[in-house]
Amino acid sequence: MPSPYRAIFAAPGTKGFSAAGLLGRMPLSMMGIGVVTMVSQLTGRYGLAGALSATLAMSAAVVGPQISRLVDRHGQRRVLRPATVVAVAAVTGLLLCAQQSAPDWTLFVFAAGAGCVPSVGSMVRARWAEIYRGDAQNLHTAYSWESIVDELCFILGPILSIGLSTAWFAEAGPLIAACFLAAGVFLLTAQRATEPVPHPHEHHSGRSALSSRGLQVLVATFVATGAVFGSVDVVTVAFADERGHKAMASLVLAVYALGSCLAGAVFGLLRLKGAASSRWLVGVCAMAVSMIPLQLAGNLPFLAVALFVAGLSIAPTMVTTMALVEQHVPRSKLTEGMTWTSTGLAVGVALGSSAAGWVVDAAGAQAGYLVSGVSGTLAAVVAFLGYRRLRRPVTHREGLEADERSERQQHLA
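First residue of the sequence shown? That's 276 in the working numbering, and the numbers climb one at a time after it.
Please keep in mind that the hints were generated in silico from the structure rather than gathered at the bench. Cβ coordinates follow ideal geometry from the N, Cα and C atoms, glycine included. Please note that a few of the clues may not be correct.
No farther apart than 20 Å at their CA atoms in a straight line, the calculated lysine to aspartate or glutamate pairs in the EDC-like style are these [claimed, not checked]: (1) Lys548 - Asp379; (2) Lys290 - Asp410; (3) Lys290 - Glu405.
What follows is a list of derived Cβ distance ranges for each label pair [what the hints assert, rightly or not]: (4) Ala468 - Gln570: 46 to 56 Å; (5) Gly549 - Leu660: 13 to 23 Å; (6) Asn574 - Thr441: 38 to 48 Å.
Let the hints inform the model, and build the full structure from the sequences given.
Okay, structure coming up:
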């Protein structure tokens with residue numbers, strides 16, 4: 276492991292909570308594709324499978340920030356364990372209903388309940404922020420490391436989930452994903468020494484972290500960025516299928532994640548200077564530009580190379596985004612703020628995959644990459660328009676004082 280990464284793990288407890296975070300994040304890349312594989316195998320209905328996957332994603336997008344808001348107030352252990360029990364119970368109900376050919380509405384009810392899954396990545400990053408608050412270089416390296424972990428999950432998760440459901444039994448992928456979630460969350464919350472101290476009620480107002488103007492820019496940009504990711508996934512599968520090599524789609528998408536993983540590893544070694552907002556804008560624009568070669572792809576090898584290059588801009592942009600969230604959200608709402616970025620991505624993925632599927636059905640796989648290009652362009656436009664909001668960080672003290680003023684105003688009203 277390169278020395279900067281060894282340095283961040285010198286702090287007691289860091290190896291333990293990062294490992295637990297890896298387990299807890301595996302469902303992020305396993306559950307949706309696992310549900311699609313399970314339902315399509317049991318019923319042959321791809322429309323139902325896709326609708327259930329979208330329900331799961333949208334439910335998580337709505338519920339996730341609320342769970343993180345409670346975590347900021349009451350602590351990770353008190354909130355994450357009950358939320359995980361609810362999510363695992365809902366997944367169990369979904370698997371049983373699918374296996375027993377229950378009415379479709381029951382599947383949707385349990386899929387919505389499974390959205391109670393907490394944003395484990397945000398919980399882990401909040402621990403790093405607590406340990407290395409004020410140490411910009413180590414925090415940069417820590418966020419880079421967690422970006423690498425994210426990409427490892429997206430490389431291994433779909434292959435594991437699809438492989439289990441096709442080689443073992445249809446429900447195996449979502450089942451193992453739920454087991455990973457339970458194990459990861461309970462191991463993470465067992466480590467009390469590194470758990471961020473919850474902020475008392477008087478440090479909170481009724482306002483969400485999303486009231487931060489800087490966070491609004493980040494989330495809006497990430498909706499468009501998520502549409503890039505969602506469309507690339509769907510169109511790549513269709514592209515490989517049209518050329519008679521559908522099974523190769525998972526490998527091509529793994530190359531996409533590999534490019535991001537390697538870029539994140541290198542990015543964490545750099546000692547960066549200058550404003551994070553400028554680096555973020557460059558990263559978003561680079562993602563938009565990287566969508567251009569996809570329009571020219573005529574075969575899978577060319578597509579794999581193009582996606583590898585496109586992946587190089589992802590992890591550095593994600594790492595910089597987390598640094599900007601830390602700058603623009605009060606300390607008492609940091610976990611919620613980080614989760615809102617994940618929510619923006621989830622919403623964008625759902626929108627992008629739906630739009631791409633419609634275009635593929637209407638005009639073929641090659642045309643589907645236009646959705647990726649348009650989404651990347653939209654992300655760059657939003658980033659340019661909102662850039663000025665990100666140039667001046669909001670200090671934690673300013674955020675706290677704003678919360679206190681709002682609290683007093685509500686009391687007087």
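task = For Ala468 and Gln570, compare the CB-CB distance with the range 46 to 56 Å and indicate the outcome.
result = Holds: the Cβ-Cβ distance is about 51 Å, inside 46 to 56 Å.
inquiry  = The hint says 13 to 23 Å between Gly549 and Leu660; measuring C-beta to C-beta, is that right?
reply    = holds, 21 Å
query = Okay, Asn574 versus Thr441 on CB: inside 38 to 48 Å?
reply = With Cβ atoms ~26 Å apart, the hint is violated.
ask   = Hey, Lys290 versus Glu405, does the alpha-carbon distance stay inside 20 Å?
value = holds, 15 Å
inquiry  = Lys548 and Asp379 were given as a pair; does the straight-line alpha-carbon distance stay at or below 20 Å?
reply    = violated, 54 Å
ask   = Under the criterion that the straight-line Cα-Cα distance not exceed 20 Å, is the pair Lys290, Asp410 satisfied?
value = holds, 19 Å
When the structure is compared with the earlier hints, violations turn up for hints 1, 6 and for no others.
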